[in-house]
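Here are the chains, one letter per residue:
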Amino acid sequence: EAQVTQNPRYLITVTGKKLTVTCSQNMNHEYMSWYRQDPGLGLRQIYYSMNVEVTDKGDVPEGYKVSRKEKRNFPLILESPSPNQTSLYFCASSLSAGVRNYGYTFGSGTRLTVV
Amino acid sequence: AQSVAQPEDQVNVAEGNPLTVKCTYSVSGNPYLFWYVQYPNRGLQFLLKYITGDNLVKGSYGFEAEFNKSQTSFHLKKPSALVSDSALYFCAVSSDSNYQLIWGAGTKLIIKP
Numbered sequence: 010e011a012q013v014t015q016n017p018r019y020l021i022t023v024t025g026k027k028l029t030v031t032c033s034q035n036m037n038h039e040y041m042s043w044y045r046q047d048p049g050l051g052l053r054q055i056y057y058s059m060n061v062e063v064t065d066k067g068d069v070p071e072g073y074k075v076s077r078k079e080k081r082n083f084p085l086i087l088e089s090p091s092p093n094q095t096s097l098y099f100c101a102s103s104l105s106a107g108v109r110n111y112g113y114t115f116g117s118g119t120r121l122t123v124v
Numbered sequence: 380a381q382s383v384a385q386p387e388d389q390v391n392v393a394e395g396n397p398l399t400v401k402c403t404y405s406v407s408g409n410p411y412l413f414w415y416v417q418y419p420n421r422g423l424q425f426l427l428k429y430i431t432g433d434n435l436v437k438g439s440y441g442f443e444a445e446f447n448k449s450q451t452s453f454h455l456k457k458p459s460a461l462v463s464d465s466a467l468y469f470c471a472v473s474s475d476s477n478y479q480l481i482w483g484a485g486t487k488l489i490i491k492p
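Protein sequence lines correspond, in order, to chains X and S. Final position of the first sequence in our numbering is 124; the numbers increase by one with none missing. Final position of the second sequence in our numbering is 492; the numbers increase by one with none missing.
Only chain S is shown next, with the shape it has when bound in the complex (with noise of 0.2 Å):
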């Protein structure tokens, strides 16, 4: 069965400071990994995916996250947080086997000034 993980429920960074929000998953073929964010009293808001090609992938708002096939991770980075960066982000994963998206529990992230 396909799974995600997002083990830290929060992440706390100063501004400025570079900031990860960790990812895990398991699924059988090749997986379609995916970052969402969620600001206060909004939807989701896609950020970046993963399909195939580059580890690196770029996405929105200056975010960026390494697909590492032998760690099974899908680490979402920036290198200067912003307080507007305060969310709350998703990662998302499904497969060439199971299109149906599996989603973690999220991960709080504040930046404090």
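Just chain X, with the same shape it has in the complex (with noise of 0.2 Å):
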């Protein structure tokens, strides 16, 4: 099944300690992005990535680091989490993000809390 894997569904952490989520998508897309939802806020850009060790920064880069070694894992990291990074997070993937995008694939979501 095509889709895009998320994980951890749910984290509690504590402010400071460096965590990870980890993005995987198994349908070959060049396109990966992460997103964090917050209400009224809709949906915000944190990273993105176009291809292999290309990234860049969304609209809310600041706290956040990506990486992308491989197509299909787009892992963000979180190195020193803060309470306002408390926040439902999204992965996307697509085949391309150039003219006439192609629509993105969602994963499930984490939801994370910084207490």
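There may be inaccurate statements among the hints.
In the DSS-like style, the derived pairs of lysine-lysine whose C-alpha atoms are separated by at most 27 Å in a straight line are [to be verified]:
{"id": "1", "chain 1": "S", "residue 1": "K401", "chain 2": "S", "residue 2": "K448"}
{"id": "2", "chain 1": "S", "residue 1": "K491", "chain 2": "S", "residue 2": "K448"}
{"id": "3", "chain 1": "X", "residue 1": "K27", "chain 2": "X", "residue 2": "K74"}
{"id": "4", "chain 1": "X", "residue 1": "K80", "chain 2": "S", "residue 2": "K428"}
{"id": "5", "chain 1": "S", "residue 1": "K428", "chain 2": "X", "residue 2": "K66"}
{"id": "6", "chain 1": "S", "residue 1": "K437", "chain 2": "S", "residue 2": "K448"}
In silico negatives: residues of chain S with every beta carbon more than 10 Å from chain X [to be verified]:
{"id": "7", "residue": "A393"}
{"id": "8", "residue": "E394"}
{"id": "9", "residue": "Q424"}
Think of the hints as simulated: they come from the structure by calculation, not from any bench. Cβ coordinates follow ideal geometry from the N, Cα and C atoms, glycine included.
Put the two chains together into one complex; each comes in its own frame, and the hints tell you how they fit.
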């Protein structure tokens, strides 16, 4: 089944403790992206990747890191999480982010709470 | 800059009645428009998209959307609402001059029996 897999689904952590949220897709998609979803703010893009070893900042990159060493994986790293990073996170992938956008496939989400 | 607006935070409709969820956009160039749905505790699912061609686009679960260039709108519609349509709906836009998807804030659709 074609899908985007995120782990974990739920995570409660303490301020300052480094964490990684994994994202993997099995569709050979070039484009991958991380979003956070907060009530009333919709989806805000954190980082995106056009292909392996190519990443770029989205609208809200502060406090986050990403890497794209393999085409299928796009982990989101919080080096020192803070309470304002408590949110619902989604990973998404697309065949391409170019002209005539193909649309995204989303993971099921990771609900992160930082206390 | 590209932008998209969903003017209603919430829409309430009785089961069996037609529903409309509104979306307006602003882009440079030709727009590419999308609707996604999010059910509770789930990721977003693609409903339909407009790239070019007929202004009326048909999608999943009986939904359709009408592209109106003069009004820069892409409203989501369904002739007869089901309780199971209750969810959060997102409109998104990109264009041939800026491929990044810009998302609306979402509209909560509540269908009452």
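Hints that the structure is at odds with (numbers, increasing)
Violated hints: 2, 9; rest satisfied.
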